[in-house]
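**Q** Each chain is listed here by its residues.
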Amino acid sequence: MLAVQVLINALVLGCLYACIAIGFSLVWGVLNVINLIHGSFIVLGAYLAWGAYQWLAISPWYALVIAAPLFFVFGYLLQRLLLNRVITAPVLVTLTLTFGLDLILNNAMIYYFKADYRKLTLSPPTGSISLFDVVVPVDRLIATASALVLTGLLYLLLRRSKVGRAIVAVRLDRDAAVLMGVDVKSIYAIAFGLGAALAGCAGVLMALIFPISPLTSSAYLGKAFVVCVLGGLGSVSGALAGGLLLALVEGVGSTLIGPAHATTLSFVLLIIFLVVRPQGLLGRKGFE
Amino acid sequence: MADPLILELQGLRAGYGEIQVLWGIDMAVRRGEITALIGSNGAGKTTLMRTLSGLIPMQDGHYFSEGRDLTGDTAAQILAHGIVHVPEGRRLFGAMSIEDNLLMGAYSRKASRAEIARDMERVYTTFPKLMERRNQAAATLSGGEQQMCAIGRGLMSAPRLLMIDELSLGLSPLLVEQLVAALRTLNAEGVSILLVEQDVTTALDLCHSAYIMDMGRIVRTGLGPELLADPIIRDAYLGVLED
Chain C
1 MLAVQVLINA
11 LVLGCLYACI
21 AIGFSLVWGV
31 LNVINLIHGS
41 FIVLGAYLAW
51 GAYQWLAISP
61 WYALVIAAPL
71 FFVFGYLLQR
81 LLLNRVITAP
91 VLVTLTLTFG
101 LDLILNNAMI
111 YYFKADYRKL
121 TLSPPTGSIS
131 LFDVVVPVDR
141 LIATASALVL
151 TGLLYLLLRR
161 SKVGRAIVAV
171 RLDRDAAVLM
181 GVDVKSIYAI
191 AFGLGAALAG
201 CAGVLMALIF
211 PISPLTSSAY
221 LGKAFVVCVL
231 GGLGSVSGAL
241 AGGLLLALVE
251 GVGSTLIGPA
261 HATTLSFVLL
271 IIFLVVRPQG
281 LLGRKGFE
Chain R
1 MADPLILELQ
11 GLRAGYGEIQ
21 VLWGIDMAVR
31 RGEITALIGS
41 NGAGKTTLMR
51 TLSGLIPMQD
61 GHYFSEGRDL
71 TGDTAAQILA
81 HGIVHVPEGR
91 RLFGAMSIED
101 NLLMGAYSRK
111 ASRAEIARDM
121 ERVYTTFPKL
131 MERRNQAAAT
141 LSGGEQQMCA
151 IGRGLMSAPR
161 LLMIDELSLG
171 LSPLLVEQLV
181 AALRTLNAEG
191 VSILLVEQDV
201 TTALDLCHSA
211 YIMDMGRIVR
221 TGLGPELLAD
231 PIIRDAYLGV
241 LED
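Protein chains in written order, with my numbering: chain C, 1 to 288; chain R, 1 to 243.
Possibly wrong hints are sitting among the right ones.
[Unchecked claim] Non-contacting residues of chain C with respect to chain R, defined by C-beta distances greater than 10 Å in every case (computed):
hint: 1; residue: LEU2
hint: 2; residue: PRO90
hint: 3; residue: ALA115
hint: 4; residue: GLY127
hint: 5; residue: LEU131
hint: 6; residue: VAL135
hint: 7; residue: LYS162
hint: 8; residue: LEU172
hint: 9; residue: ASP175
hint: 10; residue: ALA176
hint: 11; residue: LEU179
hint: 12; residue: LEU215
hint: 13; residue: GLY253
hint: 14; residue: PRO259
hint: 15; residue: PHE267
hint: 16; residue: ILE271
[As the list claims (entries may be wrong)] Covered stretches of chain R, going by a simulated chain C footprint (3 or more residues, C-beta under 8 Å):
hint: 17; stretch: 74 to 81
hint: 18; stretch: 121 to 127
hint: 19; stretch: 162 to 176
[To be verified] For lysine-lysine, the following BS3-like pairs were computed, each having C-alpha atoms within a straight-line distance of at most 27 Å:
hint: 20; chain 1: R; residue 1: LYS110; chain 2: C; residue 2: LYS185
hint: 21; chain 1: C; residue 1: LYS162; chain 2: C; residue 2: LYS185
hint: 22; chain 1: C; residue 1: LYS162; chain 2: R; residue 2: LYS110
hint: 23; chain 1: C; residue 1: LYS114; chain 2: R; residue 2: LYS110
If you are wondering where the hints come from, they were derived from the structure by calculation, not from laboratory data.
Ideal Cβ positions, reconstructed from N, Cα and C, are used throughout, including at glycine.
I would like the entire structure built from these sequences, with the hints used as guidance.
**A** Shown next as structure tokens:
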């Protein structure tokens with residue numbers, strides 16, 4: 001009974017973790033940029049959902065549709081105007097830039113929204129249903145389904161569309177992609193825009209479940225980082241595998257030794273993976 | 001009729017940063033021919049290819065194709081003019097399927113789906129092996145199949161001039177023979193070819209005319225059979241075969 005509950009919780013949370021990590025993984029894999037602003041993007045997405053519901057009575061499902069294009073444009077412009085200037089510089093420079101941008105965005109959010117934790121409460125509440133004798137809140141279930149749909153959409157985009165193929169091509173071999181006539185700068189901006197859009201959408205989904213505060217951004221960033229290392233960089237299936245594994249370990253760990261140690265466990269897992277299997281579950285060795 | 005020179009270089013200089021590799025290349029490659037570019041390692045053949053496809057910038061000189069000035073153009077502009085580079089080491093997108101690799105070849109073309117599908121059929125007809133494995137990841141192919149895929153990807157870009165860097169490197173003689181036959185067919189269909197090749201006998205045998213490079217300069221040029229018979233060339237590049 002408890003085991004089933006833990007398993008279902010892990011499944012629900014794992015898909016959300018994948019959704020948090022997938023944009024981060026895309027940007028890291030394609031641009032070779034560790035995007036430290038990713039966590040704040042997620043929080044901003046959560047505030048967007050909260051504000052839309054609180055002030056404009058727009059349901060979070062519609063907020064998802066608003067967040068995607070809005071964040072895409074934001075990310076696209078950020079890459080084109082700022083990141084692109086240092087994209088060829090050593091990784092420390094891009095890291096410093098995204099760190100600085102994160103400070104600005106995060107502090108702006110603290111300034112405008114204050115550091116208080118807020119909660120998006122749907123009224124009327126969506127209630128909960130019983131799955132295999134286990135109680136699961138419906139809003140969580142919908143959030144999970146949405147996360148899966150977003151993940152699937154990204155997968156289809158990368159595999160089936162022309163721009164998706166170009167993104168993958170740039171990731172695999174930048175020079176060869178140039179020989180195909182691919183405009184690498186614009187592909188970089190599109191990939192960063194997609195990363196931001198996925199972060200914003202993940203934020204909207206998070207708002208349904210977790211309290212919202214600018215202070216949570218580093219926790220989201222940490223999760224994204226761990227999921228990428230566990231699953232392997234730059235692939236959709238890797239992010240999904242990493243997300244599920246992380247949620248499972250956290251779930252089982254907090255049941256056995258207490259929820260206070262969940263984060264510790266996840267980082268212990270991170271270190272073990274870095275030592276034993278640095279390419280991650282589904283990552284390919286020597287791929288980068 | 002347009003200018004019969006598919007490639008006309010005047011005093012082309014290029015290199016990597018401070019290091020100059022090409023010291024004034026002059027070439028006149030005729031349309032419809034197979035032209036070979038030979039020379040020892042480090043002569044600058046690959047650098048020349050990379051410059052011609054726009055991967056590295058020209059430092060000086062002029063670059064024309066069929067009367068059009070391509071000097072200083074970007075890789076995308078050069079590609080749009082039909083000058084297509086099949087790079088050394090094939091550089092396929094390993095995790096992508098053969099079909100997706102071929103589609104990447106057609107990435108920047110403004111052709112209809114039907115037209116691209118027809119060209120893909122043509123590639124599959126030329127290299128039936130690729131058809132069999134079209135959904136397989138390119139990284140899982142053998143060296144010869146990878147070279148076929150790389151040439152096929154180049155063909156998908158609708159080349160006027162197909163530049164192939166190291167056709168035979170690491171391939172068995174039988175495979176090289178197949179590839180050479182395929183290139184002859186393509187050439188007969190009207191594609192001009194510029195071939196960089198280590199195997200001098202194969203190259204001179206296949207080509208109409210050839211350029212010989214050394215230390216970043218063109219040191220000899222002539223017709224294939226003529227160079228093949230030249231004792232100095234034989235001594236420098238085929239020395240061991242003399243009896």
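**Q** Was GLY127/C rightly flagged as not at the interface, with every chain R Cβ beyond 10 Å?
**A** With a cut-off of 10 Å, GLY127/C remains clear of chain R, as the shortest Cβ separation is near 44 Å.
**Q** Can we trust that LEU179/C is non-interface, i.e. its beta-carbon lies farther than 10 Å from all of chain R?
**A** Nearest chain R Cβ is 5 Å from LEU179/C, so the label is violated.
**Q** Regarding the assertion that LEU2/C does not contact chain R, is the least Cβ-Cβ distance greater than 10 Å?
**A** holds (41 Å)
**Q** Does LYS185/C lie within 27 Å of LYS110/R when you go C-alpha to C-alpha?
**A** holds (20 Å)
**Q** Classify the label on ASP175/C as holds or violated, using whether its beta-carbon is more than 10 Å from each beta-carbon of chain R.
**A** With a cut-off of 10 Å, ASP175/C comes too close to chain R, as the shortest Cβ separation is near 6 Å.
**Q** Using C-beta distances, would you say chain C covers the stretch 121 to 127 of chain R, given that this needs three or more residues below 8 Å?
**A** Since three or more residues must qualify, the claim that chain C covers the stretch 121 to 127 of chain R is violated, with 0 doing so at under 8 Å.
**Q** Does the claim that GLY253/C lies outside the interface with chain R hold up, using a Cβ gap greater than 10 Å?
**A** At about 33 Å from chain R, GLY253/C clears the 10 Å cut-off, so the statement holds.
**Q** Would the non-interface assignment of LEU131/C survive a Cβ cutoff of 10 Å against chain R?
**A** Its Cβ never comes within 10 Å of chain R, the nearest being 36 Å, so this holds.
**Q** Do the alpha carbons of LYS162/C and LYS185/C lie within 27 Å of each other, as the hint requires?
**A** holds (16 Å)
**Q** Is the Cβ of VAL135/C more than 10 Å away from each Cβ in chain R?
**A** Nearest chain R Cβ is 42 Å from VAL135/C, so the label holds.
**Q** Is the nearest CB of chain R more than 10 Å from the CB of LEU215/C?
**A** Check passes; 39 Å lies beyond 10 Å.
**Q** Are at least 3 residues of the stretch 162 to 176 of chain R within less than 8 Å of chain C when you compare beta carbons?
**A** Coverage by chain C is violated here, the residue count being 0 at a Cβ distance below 8 Å.
Hint violations for this structure: numbers 7, 8, 9, 10, 11, 18, 19, 23, all remaining hints satisfied.
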